[in-house]
Amino acid sequence: DTGVSQNPRHKITKRGQNVTFRCDPISEHNRLYWYRQTLGQGPEFLTYFQNEAQLEKSRLLSDRFSAERPKGSFSTLEIQRTEQGDSAMYLCASSLGGGAGSPLHFGNGTRLTVT
Amino acid sequence: GDSVTQMEGPVTLSEEAFLTINCTYTATGYPSLFWYVQYPGEGLQLLLKATKADDKGSNKGFEATYRKETTSFHLEKGSVQVSDSAVYFCALIKTGANNLFFGTGTRLTVIP
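So the protein lines, in turn, are chains A and B. First residue of the first sequence? That's 1 in our numbering, and the numbers climb one at a time after it. First residue of the second sequence? That's 1001 in our numbering, and the numbers climb one at a time after it.
Among the clues, some could well be false.
[What the hints assert, rightly or not] Below are the DSSO-like pairs computed for lysine-lysine, each with C-alpha atoms no more than 30 angstroms apart in a straight line: (1) B/Lys1094 to A/Lys57; (2) A/Lys71 to B/Lys1094; (3) A/Lys57 to B/Lys1052; (4) B/Lys1077 to B/Lys1056; (5) B/Lys1056 to B/Lys1094.
Source of the hints: derived by calculation from the structure; they are not laboratory data.
Based on the provided sequences and hints, a complete structural model is requested.
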C-alpha cells in the first residue's frame, strides 16, 4: 500500500493560465474523490468517480474545472483560466466502495497559488 | 442544510492534560460521524468513526460517542502527548450519500 499520491505538491501560476493536477489512488480502490481546502476551512467536496465514471459533481465545480479518470486508475483535475479565488489545497482521496464502511484515504494534496 | 460545527481553535494543552474538542452536527436522517486528523506535512487520516446512535469510536486513546439527542460527537483523550499535535476535523456522511462533509478543523498544540 503506497498510499494516495498527488503531483505536483505545489503549483504557482498566473491568473488566466490553465493548470492540471494528477492523483494516483491506492491501486485496488474503485472510488476516487477530489476535495478543495482553503485556509482555515475544512475540505469541501468537488467530485467523485466510481471506476472511470464521474458520478457526482458539486456546485463548487464551475465549468472551468474538469476532472477525468480515463481508465479507472489515476485521475486529473484541470482548471482553465485560473482566478485568484482558485488558490487552495486540492486534495484527492480514494476508497474501496462507498459510504461509512469505506473510509477515505487522502493524499498530501496539491497547493495551488494563483498570482 | 447539513453542517458540522467544531469548537474554534487553536487549542494549546500541556502534555498529559485532558482533551475535549466539541463537535455538533445538523443533518437529516441518521448520518455516520467521523474524526479525521491531519499531522503536520501529512494528508488527512481517519482517526475514528461511529455509524449509529450511542456507538463509541475509539483509536490511539481517543474516543467519541455518537449522541443523537444532542447531535454531538465530541472528541476526548485522557492524556495528550506532544505527538498528538495536529489539526482535527469532525465530519459526517449521510446515509446513501457519497461524500464527506467536514467541519472547519481545530488545531491542537501540545507542549511538553
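Hint by hint, here is what the structure shows:
no.: 1; hint: B/Lys1094 to A/Lys57; in the structure: holds, 16 angstroms
no.: 2; hint: A/Lys71 to B/Lys1094; in the structure: holds, 29 angstroms
no.: 3; hint: A/Lys57 to B/Lys1052; in the structure: holds, 27 angstroms
no.: 4; hint: B/Lys1077 to B/Lys1056; in the structure: holds, 13 angstroms
no.: 5; hint: B/Lys1056 to B/Lys1094; in the structure: holds, 18 angstroms
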